[in-house]
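Now for the letters of each chain:
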Amino acid sequence: GAVVSQHPSWVICKSGTSVKIECRSLDFQATTMFWYRQFPKQSLMLMATSNEGSKATYEQGVEKDKFLINHASLTLSTLTVTSAHPEDSSFYICSAPHSKGTVYEQYFGPGTRLTVT
Amino acid sequence: TQLLEQSPQFLSIQEGENLTVYCNSSSVFSSLQWYRQEPGEGPVLLVTVVTGGEVKKLKRLTFQFGDARKDSSLHITAAQPGDTGLYLCAGARGGFKTIFGAGTRLFVKA
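So the protein sequences, as listed, match chains A and B. Residue numbers for the first sequence follow my numbering, so the first one is 1 and each next one is one higher. Residue numbers for the second sequence follow my numbering, so the first one is 118 and each next one is one higher.
Among the clues, some could well be false.
As the list claims (entries may be wrong) - Residues from chain A shown here face chain B by an in silico Cβ test under 8 angstroms; the list is partial:
{"hint": "1", "residue": "16"}
{"hint": "2", "residue": "58"}
{"hint": "3", "residue": "61"}
{"hint": "4", "residue": "93"}
{"hint": "5", "residue": "97"}
{"hint": "6", "residue": "100"}
{"hint": "7", "residue": "104"}
{"hint": "8", "residue": "105"}
{"hint": "9", "residue": "106"}
{"hint": "10", "residue": "107"}
{"hint": "11", "residue": "109"}
{"hint": "12", "residue": "115"}
{"hint": "13", "residue": "116"}
Honestly, the hints are just simulated from the structure, not real lab data. Ideal placement from N, C-alpha and C gives every residue a C-beta, glycine not left out.
Please put together the full structure from these sequences, using the hints given.
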C-alpha cells in the first residue's frame, strides 16, 4: 500500500519560535497533500490543501501567515508553524491521495505532536 | 455544517458484543472510506466502498455502502479490546478532497 511519513514525530519548542513539519509520500507521487489538526479525543480538522507548484488553499479560520505550507516536490510538503504559541500545541497529521483504480484513497502520515512551552 | 454524520459518537462495550457504526449524509459520494485511528497515530485505511449496495468484509468487520451512496455502516462482530480506537468515515465526490465524519470513539472492555 501507499506509505506516507512525517517528521518529526514529536517536537517541543519555546513560545515565539517556528517549527517545520515534513510530510513525504514514500512510494508514490502526490501533487496534492492535506494538513489536519487534531485535538484530544476529537476528529480531524482540515487546515489546508497543499498543491505542488502553486499556493496552498487554506480552510476558513486558518491563518495562512501562521501556518506556512510549501509543496516543494511531488513527494514532499512542509508545514511551518510560525511564532508558535501554547495554543498551537496539537497533533498535526498530513495525508496524500493515492489512486486506486477510479477512486482516490487518503493515506495518512503517523502524525506530529507539537508542544509549545 | 457536518456533511457526514457519524453515530454514535462514543461507544463503550464488553468484549464479545456486536456493534454497528453509522455514517449518513444527504449528499451522494463517489466513494467512501473507513479508517481506524489509535491514540498518537495517524488514521489507517480499512476499506473503500464504491458501488451502491456494496458489502465488504474484513475479518470481523462488515462494511456496507447504501444503495443511493449517501450512507454507510460498519458492523463489528464479537468485538475485542484490540478494536478500540476512533473510527472515521470519509466521503469523496471525485477528485482529491475527502470529507470526514466527526468519528466514533469505540472502547472495548476485556
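We went through each hint and held it up to the structure:
no., hint, verdict
1, 16, "violated (26 angstroms)"
2, 58, "violated (14 angstroms)"
3, 61, "violated (14 angstroms)"
4, 93, "holds (5 angstroms)"
5, 97, "holds (4 angstroms)"
6, 100, "holds (7 angstroms)"
7, 104, "holds (6 angstroms)"
8, 105, "holds (6 angstroms)"
9, 106, "holds (5 angstroms)"
10, 107, "holds (7 angstroms)"
11, 109, "holds (5 angstroms)"
12, 115, "violated (13 angstroms)"
13, 116, "violated (18 angstroms)"
Violated hints, in rising order: 1, 2, 3, 12, 13; the structure is consistent with all others.
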